[in-house]
Every structure is written in structure tokens, then in C-alpha cells.
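Hints are included, so try docking the two chains, each in its own frame, into the full complex.
Take a look at the letters that make up each chain.
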Amino acid sequence: MNASEPLVRVEGLTHYYGNHLGCRDVGFELYESEVLAVVGESGSGKTTLLNCLSTQIVPTSGKVMYRFRDGHVENLFDMSEAEQRVLLRTDWGFVMQNPRDGLRMGVSAGANVGERLMSVGNRHYGNIRKTALDWLERVEIDPTRIDDSPRTFSGGMQQRLQIARNLVTSPRLVFMDEPTGGLDVSVQARLLDLIRRIVADLGLSIVIVTHDLAVARLLSDRIIVMKNGKIIEQGLTDQVLDDPHQPYTQLLVSSILQVGA
Amino acid sequence: MTSEPETLLKVRGLCKGFTMHLQGGLRLPVVSDVALAVRQGECVVLGGPSGAGKSSLLKMVYGNYAADAGMIEVLHRGIIVDIARAAPRQILEVRKKSVGYVSQFLSVIPRVSARDLIADVARAWGATEDAAQRDAADMLDRLNIPETLWSLPPATFSGGEQQRVNIARGFMGKHPLLLLDEPTASLDAMNRKVVLDLINEKKTGGVGMLGIFHDPETRAAVADRIVDVTAFSAAA
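Here the protein sequences come in this chain order: A and B.
The working numbering puts the first residue of the first sequence at 1, with every later residue one more than the last.
The working numbering puts the first residue of the second sequence at 1, with every later residue one more than the last.
Certain hints may be false.
Lysine-lysine pairs mimicking DSBU-like chemistry, simulated, CA-CA at most 35 Å apart [as the list claims (entries may be wrong)]: (1) 230/A with 63/A; (2) 174/B with 203/B; (3) 96/B with 63/A; (4) 174/B with 193/B; (5) 10/B with 193/B; (6) 230/A with 96/B.
Derived from the structure by calculation, the hints contain no laboratory data.
So that you can see chain B by itself, here it is in the shape it has in the complex (with noise of 0.2 Å):
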């Protein structure tokens, strides 16, 4: 415990705004300057109304967006990445191997089972057969996905038992830096708490996490800080 937690994420000066070219160039300012680090073992959380622009900040962090201007620096493997200029090939190696996204709302993915999906990705980490398929039992386990659904594939679930596939698959995979986006909206107390407990798990083991979360009491359980993307008011 004596070395100083390394940075996982740092952007500067990011900038973002959307051009709606079917309403007549329409220009949405989103952010603009924003400055924010995550560091390895923090749960940092993005705060700000909806429509403040967390989730494009969010989107824009995994690549899923593309930022007008700024850097979006990740670590990956002992190198930083800028995400804002890298290639679409050195994204996905990010996105395989340094930064995770865990989302309820995952495009599934037709005729694989729920377990098989889970296993896909213990798999992907290096695991066995054999402990891929017992890893990916323990996390339907807990939560709480009955046994008899394992072995179908998902698109047949109820939205809530979906939401929760994704969510195993997300807390299934060894990224050293997570972004959350809105885990724990709409579950059960139950199932909220296991989430809890997951991201607990994650922050001792030293993953760093970006999240959002509306729910007052669960931001105030896992936040280590929160960082006002209102601050970053494109719009002002």
C-alpha cells in the first residue's frame, strides 16, 4: 500500500456539442473545458440535472462519441491512449482490455444463453472452461437470476432480469477502469445492494470507476467524489 494510486483517466479541455443537420444544423452545445482524473481505487461521480450532459461525457470516454476537442487520456497497458484522436482498432483494444462499460441497456446478442454470455467474458480474461461457466453461475447467483432462465438466452427474460444480465457481463470483466452508466437505476433494494457490493468489490480491488447514478443514496454510498458537470456548462 505504499505506492501512489496511478492515474486511469484524465481529460482536459474536452469539448462537445452536436450539429442536428436534419433540423436545420441545429447546434446543441454540450460541454465545453471539461478537467477531471479518475485514479486507480476511486468511484468518481459524474453529477448535474439530466440533460447536463454526464452521459455524453460518459459516451465520449469509451469512444462511443466523438469529442470536438480535448484529450481524453486512458491508460492502457503501461501506455496513455488518447481516446479523443485514437484509431477505431486501438479503441476496441482499449475497450477489450483497460476500460469496461456497464450499462442495463446492452444490445443482446440472439441465441447465446445468459450464461454463456457471462462465461464469454471470464473467458475473455483468461479463464478456464471450467471456471469461466462457475464464475458466470456466481454472478447470475447473486443477482439473483433464477437458475431455470441460465440456459436461454436473454432476449426471452423480463426487461428487469435483462438489466441485470448486462450488468453481470459489465462486473464480470477485469478492465483496471469501469464507466458506469446508471447501474443501479430501476432494480429492486435487493438487487441494488448487490450492486453496491460489486462496486465496493471492484474499488478495494483498485478499479477505478466514472459513473452516474440518480439515486441520491446510492451515489452518496459509492462516491468517493463528485465532480459538477455542470461546471462544464457549454450552454452558460
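Same shape as in the complex, but just chain A (with noise of 0.2 Å):
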């Protein structure tokens, strides 16, 4: 249980599709409650990392060392599949960038956010009915939807099912792809609210896939930006957004849309 120690430590993370980069030699280290915002363009290799990262893919070379709740250490490669999926379960959470990925469109709202419960262990159906309630409450859907499908949810209400499905296990590490991504922008800034509140309150760790920098800057502490696959800058997202020092990361800032700031 010592928090100076990193939750995650990446070395030499490197990916090869074939003969094709999709990352090379990632390092960095993710602490306890820190949210760590990985930029760049599509191809840059951000999701191939996160990829790794949350072990669906397997890197062709280097390390992810985890710290478990027991307090060891562990790299991700060397445990089995089952291990590896036991993790993405109950230490983990998922968020994709389409709600239909991430939920099971075939089930009601209310069991989407149950079933994450009963995967942990859960049997009692009036605690799992009241703390997915909880839930829906929490991300702002109307509880009296909790036995509708998702289906019938518009795009913003299905993002926010998916977070309360990926939180509702209290995970400690929240991978999240774009997960603002094919939404309005109003409905965007709702999201976005909702997502800094909850990391505040439950002290997660995420590390968050995107390209819009508006985005990192309003909910990282620290950032990566990632250029043909490899890390070309990164630091406190404030400096590192006010005042990068590569080409490619002025270029990024310096493409932004300078609305009302």
C-alpha cells in the first residue's frame, strides 16, 4: 500500500504490426489518483498502446509492471489469459469511444450496471437493483429508465451507462478511448463534467486516449503526446499545453480553435 510507489510502470513498450510501427520504446509511470491524457493524431499510436496497456493486444517487446492491491508487482506479460481477464474485471475499467462496444445492447440499463457487480461476486439482487440505481442516479440517467434497453438512450445517456458499468466495481486504473468522441458538443461538455467530478470523488487513476486537447487539458494531470508511434513530449499538461517545446506539439496547440477562452 505505499502511493509513492507508481501503480503502473511502462518500459520499452514496443508494438509491430507485421512490419508496421504502432509503437516504440513507451515509458512512463501512472501513481495512484493521477490522470494521464495520451494525444496525438490518428496513427500516432495512442490506441495501440492503450491497447497493450489493458493487455488486449501483447506488445512485441517491454514491460507493463502493475502493482496489485497486495501491494506486489507483477508485469502484465507474465501472467495467463485468465489472470489478465480477472484484472480487466475487477481492477479495471474500460471506457470505449461507442457506447454499443462497451455495453451489452441486448440487456436492460439496469443490468448493464448489475452484471459488472455479479462478475465480482455479487448475488444479493436487491443490494445490485439499489446500488445500480445508485449509479444511474449518479451519471445522471433517470432511474425510473433503469429497466429500459440502452437502445432507447441517446448517445450521451449511453456514455454515461458505460461509466457507470465501468465504475460501479470501484476499478482503481480506467482506460478510456476517446470516450467523448461521437458526441455534440453540449452533450460533450455534460460528459465531461460528469467524468472530472467522479475522478475527483473516487480518486481514480485513467489513463485517457484523445485527440482533442481541450479535453486533456480539462481532465489530465499529465500528458503524452505521441507522434509515429513514439513519446515526443510529455509533463504537466498546463506547461506542456502553454508552452510545448516541439515542432509537433506547437503545431498540435497552435491548431486548437481559440473559442471564448
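Written out as C-alpha cells, the structure reads:
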């Protein structure tokens, strides 16, 4: 339980898809309650990095050292697939860009949240339903919609439901892949504000991949800028965005539309 | 009143320039070899014409701009932290507990009422919910924000009202060192007087301040010392 030790330590992470480079020699540390944004354009390797970190793909080389709740540290890729799956279900959450990929569209909103609780051993129906109701309220979904299918929800509601589904089991680490990507601007603002508050309340560690620097600025403590599969700049979010050093980062920052700043 | 005031900030050998890669690598020197210190209970004002690097200097002390060389030592819970070298999470800790930034222009957080924005700060500094709400109300009242607006998010306010909410937030914290980035610019006489009072109260409470004030009258009213930034001109 030593909070001064990183939760995740990434070393020399490299992934090739055949001859094609995904990401190369990526290294960083993530501490508890830290929100890390990974930014870069399409093809910069940020999604490859996220998929390696969350063990959805096995990297060509490199390590991801993870500190478990009991304090022991292990390379995720030395674990069996079954162990990795348990981790993904208990210690972690994964919020996908498209809520239809992260939700089970065939079951009710309540079941989407409750299912995660059952997967970590909850069996008491009344408790599960009560917790699901609490979480719907927390993500600003009308609790009377608990028995409705997420198909009847708007995109913003679906995304909020996906967040509830991921956070209900109190994960330590949550991966987010462009969580506001497909949403209208006004819906995005509401979702960002919600994520910001929940993250602060729960003290979660987050790795969020986004191409939107405004999202990174609002949510993250630290930022990693990727280009051609490599980290080209990293540091405190407001420092990297307000005083960027690398040519590519300066280009990214200068490309933001200044709206009412 | 017997103990010597502690040094809260000590800057030495600080250098900064910008390399504009989008303008063919154009190099803009800002400051070089800056040395200054701020002790408890004093307000040090950065002087010099616009473009001299006052604002960049303030931003470096806050960790918002990176330093090219030199040291920015701040006292953080009894330990000296060099902001020029500190890890991001250390800088965030320092900002939470030791160094506050008072500016009229902070990014507005959507959907949070003016009163809650300020109460959040009071709560972060240990106030109970009731006390935090009361302190927030007092501060908004002092800065002449009409009570009808308190429950609304500042995004809907006039420019001047938003500026005063940001100032209120900045002064609500209990940081031992405050960086004041033109907190009185464009305020009317009545509100400028309120901000001067807030600064003087902080000073009496032992808070050290490093600030930028363009208005000579205000500067004269708050400054214990003026540090002329042109002395650190890098372009010379």
C-alpha cells in the first residue's frame, strides 16, 4: 500500500503489426489518483498503447509492471490470459469511444450495471439493484429508466451508462478511448464535467486517449504527446499545452480553435 | 513578532526563451539570470514595460511555463521544492498547498455555481460545508457580485463578474505564497479597493506575494519592493 510507488510502470513498450510500427520504446509511470492523457493524431500509436496497457494486445517487446492491491508488482505479460481477464473485470475499467461496443445492448440499463457487480461476486439481487440505481443517478440517468434497453437511450446517455457500468465495481485504473468522441459539443461538455467530478470523488487513476486537447486540459494532470509511435513530449498538462517545446506539439496546440478563451 | 520572516520563494539563475518552431525556429529570449526572493508578509511587484517577461516569470514560478535553466525554490510544507525540476505531481501538490495563482482569467468550469466554485476552495482548505458556503457568500458579497447570480455558473456572467469570481477563488485559498497576475486590471474603483484590501489582509496574515500590477497607483499601494524585470533582459 505504498502510494509513493507507481501503480503502473511501462518500460520499453514496443509493438509492431507485422512490419508496421504501432508504438516504439514507450516508457512512463502512472501513480494512484493520477489522470494521464495520451494525445496525438490518428496513427500516432496512442490506441495501440492503450490496447497494450490493457492487455488486449501482447506487445512485441517491453513490460507493463502493475502494482496489485496486495502491493506485489508483476509484469502483466507474465500473467496468464485468465488472470488478465480477472484484472480487467475487477481492478480495471475500459470506456470505449462507441458505447455500443462497451455496453450489452440486448439487456436493460440496470443489468448493464448489475452484471459487473455479479462478475465480482455480488449475488444479492436487492443490493445489486439498489447499487445500480445509485449509479444511474450518479451519472444523471433518470432512475425510472433502469429497466429500459440502452437502445432507447441517446448517445450521451449511453456513454454515461457505460461509465456507470465501468465504475460500479470501484476499479483502481480506468482506460478511456476518446470517451467524448462521437458526441455533440453540448453533450460532450456535460459528460466531461461528469467524468471530472467522478474521477475527483473516487480518486481513480485514468489513462485517457484523446485527440482533443481541450479534453486533455480539462481532465488530465499529465500529458503524453505521441507521434509516429513514439512519445515526443510529456509533462504537466498545462505546461505542455501552454509552453510546448517540440515542433509537433506546437503545431497541435496552435491548431486549436480559440473559442471564447 | 520576534521570529525572522521565512523566505517562501527564492529564484536564482533563471533563464527562459521560446523557440518558435512554426516560425522557422525563431528564438525569442525572454529573461536570463533572474534572481529574486519573496518572504512572508511582503508583496514584491514585478516592474518593467510589457514584453519584459513579467508574466512569463510568474508562470514559471507556478510551473505553467518550463524554465530553461536556474532554480525556483519554493517552501512547501517545510521542505524546499525546486519547481524548475519538480515532477508534475510534485508541482500539483505545491499548487494545492503552497503556491496559489490569482488571475482574472481562469478557465471556467461548466455547470458549477459561482458560490460552489468558491466554497469548493474553502472546503479544500478544511472548512466545513456550512462555513465554506458562508465564506463563499461573504467573498462574493465583498466583490459586489449580486446575490441573484450566486447560484448560477459564471459562464453566464458578464466579463467583469467572471473576473471577480476568479479573483474571489484565488483569495479564498490559504496558500502561504500567492502569485498575483494583474488582479486589479480593468476593475472599477470600488472593486479595485476591495482587491487592495484583500491583498493587505493577506499581507497582515503573513502571506508572501509576487505580483504584476500595471496601474502605478495600485502598485504603489501594495508593493513593499519593486523588482525591475528589465534588469534580467535576455535580449540585451
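Results for each hint:
1. 230/A with 63/A: Status holds; Cα separation ~16 Å.
2. 174/B with 203/B: Satisfied, since the Cα-Cα distance of roughly 12 Å is no more than 35 Å.
3. 96/B with 63/A: Since the Cα atoms of residue 96/B and residue 63/A sit roughly 33 Å apart, the hinted pair holds (cutoff 35 Å).
4. 174/B with 193/B: holds (21 Å)
5. 10/B with 193/B: holds (30 Å)
6. 230/A with 96/B: holds (32 Å)
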